[in-house]
Amino acid sequence: MKYTIDQKGFYGSFGGAFIPEMLYPNVHELQDTYVELLSSASFQEEFHALLNEYVGRPTPLFLAERLSEHFGAEIYLKREDLCHTGAHKVNNTLGQVLLAEKLGKKRIIAETGAGQHGVATATVCALKGLECIVYMGEKDIERQAPNVARMKMLGAEVRSATSGSRTLKDATNEAIRDWINNPTDTHYIIGSVVGPHPYPDLVARLQSVISQEITNQLVGDPTHVIACVGGGSNAIGAFYHFIEDESVKLIGVEAAGEGVTSGKSAATLALGTPGVLHASMTYVMQTLEGQVVEPHSVSAGLDYPGIGPWHAHLHSEGRVQYDSVTDQEALEAALFLSRLEGIIPALETAHALAYLSKMKLEHGNRVVINLSGRGDKDLATYMNHFSL
1 MKYTIDQKGF YGSFGGAFIP EMLYPNVHEL QDTYVELLSS ASFQEEFHAL
51 LNEYVGRPTP LFLAERLSEH FGAEIYLKRE DLCHTGAHKV NNTLGQVLLA
101 EKLGKKRIIA ETGAGQHGVA TATVCALKGL ECIVYMGEKD IERQAPNVAR
151 MKMLGAEVRS ATSGSRTLKD ATNEAIRDWI NNPTDTHYII GSVVGPHPYP
201 DLVARLQSVI SQEITNQLVG DPTHVIACVG GGSNAIGAFY HFIEDESVKL
251 IGVEAAGEGV TSGKSAATLA LGTPGVLHAS MTYVMQTLEG QVVEPHSVSA
301 GLDYPGIGPW HAHLHSEGRV QYDSVTDQEA LEAALFLSRL EGIIPALETA
351 HALAYLSKMK LEHGNRVVIN LSGRGDKDLA TYMNHFSL
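Residue numbers (the numbering used here): 1 to 388.
Treat the hints with care, as some may be off.
[Unchecked claim] No more than 27 Å apart at the CA atoms, straight line, and that leaves these computed lysine-lysine pairs for DSS-like: (1) 249 to 2; (2) 139 to 264; (3) 358 to 264; (4) 139 to 152; (5) 249 to 358.
Bear in mind the hints are in silico, worked out from the structure with no lab data behind them.
Construct the complete structure from the given sequences, taking the supplied hints into account.
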C-alpha cells in the first residue's frame, strides 16, 4: 500500500493539516472520529440506502459504441451525470452530512466553483433540515447562474466571494474564515480531496463508491481509467480501487486553459511547485515569492490553483499520468460527444473526453471515462461558443 495516507495525514511528503489554532478542536475531532464513524454499521446502512434510493446508485457503466468505433477501442462512460443533482458531488455531501449529524452539527457551510458541489450540499441539507450556507466566487455566480438559482430554491444562502480572482480559491478562503468564526456548531463540507487532513482521505473514501461500482460492473479490469482533475474528487473516486493495481493505467486531465504556457491556465501539476494551499501541502501555482498565481479555465470546476495532496503524491511517484487539454479542445469534445452519443457533458468532464484524441488506442483497450457531471449548467457557455 505504497500510495495511501499515513497516520499523520500525509501522502509521502504531501498533505497534513496546516491550520490556525482556532480550528484545532474541529479538525482534531474529525481526525479522531471519521474512520470509526464511516466504518460503523449504522453509518454504512444509512449511507448506502440513501445512495441507492435517493441518489440513484449504482450509476450505469455505458459502452459508448459510436465513440468506441471512432477511436478503435472499447470506451465505457461511468454515468455520474445521472446521479441526483447531476454530478458525483452528491456522494460526498451525503456522506459528510450524515457525519455532521453524528457529530451534532446543525449548521453546514460549503464552497463551490461550478455550483455542482453547492447544489449537492443544498440538496442534502434540505433533505435533513439543516441550515446551509454556500460560498461562491462572484465570477462563478455570474457564469453558473442556473446552479445559483437551484441552491436558493433548495433553501441555501449563497454568499459571494468578491476578493482575488472571484472564483473557487476565494470562495474556499471565505468558507475557512466562516469556520474559524463558528467553530462549535458548524461543519464545513469541503467538496474535493483538498484541505487539511482528514478531508482528502474522507472525501476519497466517500467517492470511492465510483470505482467500487466499476469493478462490479465491468467483467475484468479496464486498461485505462481517465478523469478530469481540478481538486480531484471525481478522479480519486474513479481511481480508488485501481491505485494499487499497476496494470491499470490511470490518467488525470488538467485544464490547460488557453495553453499551459499562455499565462491563462489551471494546469497545476504542469506549472506548480510544492507549497501550502488551503491548509495542505501540495502542488500550487505560485510565484517565486509564494504568491498564488490566478488560474484560468473555461470550466469553473477546474479553475483552481492547487490539487489534492493524494494526486500530488501519485504524480511524484509516477503512478498516475497527468496531462492537460485546452479550453478549445474541451469545448470541441463536448460537442463531439453530444452529437455522437446524445450526452451533453459538463465542461469539466469534457476535458477528460478531449484526452481521447491525444491517446494511441489499440484494439483490445478497454477505457473507462468518468463522466462526472451533466452539461445543463454550461449551456450558456456552449451557446455563446457555438452560436447555438
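These are the hints, each one checked on the structure:
Among the hinted pairs, residue 249 with residue 2 is consistent with the structure: their alpha-carbon atoms are about 17 Å apart, no more than 27 Å. Taken as a hint, the residue 139 and residue 264 pair is honoured in the structure, with Cα atoms around 16 Å apart against an allowance of 27 Å. Distance restraint check for residue 358 and residue 264: the Cα-Cα separation of roughly 21 Å lies within the 27 Å cut-off, and the hinted pair is therefore satisfied. Taken as a hint, the residue 139 and residue 152 pair is honoured in the structure, with Cα atoms around 17 Å apart against an allowance of 27 Å.
The straight-line distance between the Cα atoms of residue 249 and residue 358 is roughly 15 Å, inside the 27 Å bound, and the hint therefore holds.
Hint check: no violations occur; every hint is consistent with the structure.
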